[in-house]
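Protein chains in written order, with my numbering: chain E, 25 to 303; chain W, -2 to 291.
Check the hints yourself; a few may be wrong.
[As the list claims (entries may be wrong)] Cut-off 25 Å, straight-line C-alpha distance, at most; resulting in silico cross-link-like pairs (DSS-like, lysine-lysine):
| no. | chain 1 | residue 1 | chain 2 | residue 2 |
| --- | --- | --- | --- | --- |
| 1 | W | 58 | E | 185 |
| 2 | W | 58 | E | 181 |
| 3 | E | 160 | E | 185 |
| 4 | E | 138 | E | 181 |
[Unchecked claim] Partner residues aside, some chain E positions facing chain W, computed with beta carbon under 7 Å:
| no. | residue |
| --- | --- |
| 5 | 58 |
| 6 | 60 |
| 7 | 129 |
| 8 | 163 |
None of these hints come from the bench; they were simulated from the model.
Since we're looking at a predicted model, the values are computed, not measured.
For every residue, glycine included, the Cβ atom is placed at its ideal position computed from N, Cα and C.
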Amino acid sequence: MEAIRTRIELAGQGRSSTAGDREAVFEARDVSVFYGDQRAIDRVNIDIYQRLITAIIGPSGCGKSTFIRTLNRMTDLVPSARLTGELRYRGIDLYGPRVDAVEVRRRIGMVFQKPNPFPKSIYDNVAYGLRILGMKKDLDERVEKALRSAALWDEVKDRLKDSALGLSGGQQQRLCIARAIAVEPEVVLLDEPASALDPIATSAIEDLMHELKRDYTLVIVTHNMQQAARVADMTAFFGLEVSPDGNRQGVLVEYDETEKIFTNPSDKRTEGYVTGRFG
Amino acid sequence: MTEPAFSLRTSGRLRRRQLVSRMMGALAFGAALLAVAVLAIVVISVANRGASALSLDFFTKNQAQGFNPSGGGILFAIVGTGVIVGIATLIALPLGVLVAIYISELAPPRLARVARLALDITNGIPTIVIGIFVFTLIVAAHGQSALAGSLALAIIMVPLIARATEEVLLLVPSAQREASLALGVSRWRTTFSVIVPSAMGGVLTGTTLAIARAAGETAPLLFLTSLGASSYADANPLHPLQSMTFAIFIYAEQADPAFQAKAWATAFTLMCFVLVTSLAAKLAMARYRKKLEG
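My request is simple: use the sequences and hints to build the entire structure.
Shown next, in the form of C-alpha cells:
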C-alpha cells in the first residue's frame, strides 16, 4: 500500500488540476447495455472530463470494454447489443435518432487491445483515414505530425514505405495511436492498449498518454492497476455483481480522483480490489 | 543396482499399434502418390499423342479448309476460347465478388445461409442444363453467338468466385474492420478499402479456378456458339466463335489419325493454358503477399 501511495504522489506531481473545474465531455445517466437478454452493465452514471485521462479498472467480465465501446458506438457492431439510459457527448444524445455512428467515430477515436495495423505501408496506415475523410491537403505533413505525436517518427521516418506489419508490437500500437489521432478526433478511447506489450513498450505508451493529454480527452480501460495509478487523473472502478434474478452484470462501484481511489477509497469493494485482496 | 520392475521396450500391444500406424501412413502416402500419378499419366499421354501435330503452324494458323488434315492450326479456336472466357470473366468477377461481400459483410445470417445454399446448388447444376437455359433465353431468338456462350460460362463461374471470395472475406480479422470503422469510415468504404484488399488472394484463387473450369467447358458451348461457328478467322463476340474444347470434340470424331493427333494437341494446349493461368495467379499472389507483409 505504501509503495502504491508513493507512486501516486509522483504521478500526481504537476497535475494541472482536478476534475472540479473541468467540462464534462461524456455524461452517462443510468446507462445499461444488454446483449440479447443478458444485461452486461447496469445503470452506470459517470461524467468524463475534458483533457483528463480517465481510467476504467475492474475485474474481468465487469463490462469495462462494453462501457468504453458505448462511448463511440462500437457496440452497434454487435447486432444483439442494446443500450438504455442516456449517454450524452458534449450535450448531444449519442444514441439519439439523428446521430450518425460514422460521424461519432470520426470525432471519438479508438485504440484496441491488440495492435491492428492494416496490411499496408506505415505511411498508408496513417494516411488511410485522412484520405477517406477528405483531409488530403498537406498529407505528408499531417502524417508526420501524427507520427511525431505518437512518438514514432524518429523510428520510422526512413522506412515509411515499408509494411506496418514489420514493426514490433509496441511500435505497431503507437502506429495505431498515430492513425487514430491523424484524423484529429476530440477524444481517444484506449481499450487495454498495453496489455499485449512488454514493459518497455508499455512505458512508452504511458509516456505518450501524458503527452496526448494536452490536446485530447483520453479514456483508458486497463486491468493493470499500477498503470491506472501511473497515468490516470480520474479512475472508475467497475465491479461484478449478481442481480436478484441471477444475472451477472457490471456496475460502477466508485468513481473519483485516482489518488483517492488508490489511497482512500470509500467503498469496501474498491479497497479490496486495489489492495489486491480479491479480483 | 536392481533391475526396474518395468520395461520401456516395445511389446505386444504397442507393436500392433505401431504396425497399424505405419500401415495408415503408407495408405495415405499411396493415395497421394496415386493422385499425382494420374495427373502425370494424363499430361504425358496427352503430350505424347499430340506431339506429332504440334508445330508453329498449329498455333499461328486457322484450321485447314476442305479435307486436308495435314495443314492448318487452331489459332481461332484459341482466340474464340479467349474471347468467350474473357467476356465471361468480365461478367462473373465483379458479380461474384459483390455477392460474396453481401453474404459475408451485409446479409442477415439467415439470408446469408440461403444465398450460400443457392450458390452451391447453382454450382452443382449440370452445365448442359445451364446451356439449355441460355439457349432458350437468347439463342432461340437471336441465334448463336460467343456472347451467349459467355453468359452460360458466367453463370457457371459466379458461384465458384463468390464462394471462394466469401471464404477468405470471413478470414479477414475483425480487428481490421474495427480499426477502420473506429476512424469514422463508413461500412462500404471499410469493405472496399480494407476487407477486399486483404482478401485479394482468395478472389484471385477463386477466379483462376473459375477460369480454368470455364475454359474446359464443352457442353454449353456446343449449341450456344461453336456448332454454328464458321471455320474462318473470326473474333467478333456477336458471332458464333470456335473454341478449343469444341475443336477437340470435332477432331476426335474424325477417322483420319492426323485429325485425332490434332485433338490431342489441342487438349495439350488447353491443359497448358490452365496450368499457366494457375501458376500466374500463384505468382501474382506471392508477390502481393510479399508487398503486404514487407
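Hint by hint, here is what the structure shows:
no.: 1; hint: 58(W) - 185(E); verdict: 48 Å, violated
no.: 2; hint: 58(W) - 181(E); verdict: 57 Å, violated
no.: 3; hint: 160(E) - 185(E); verdict: 18 Å, holds
no.: 4; hint: 138(E) - 181(E); verdict: 23 Å, holds
no.: 5; hint: 58; verdict: 19 Å, violated
no.: 6; hint: 60; verdict: 14 Å, violated
no.: 7; hint: 129; verdict: 4 Å, holds
no.: 8; hint: 163; verdict: 15 Å, violated
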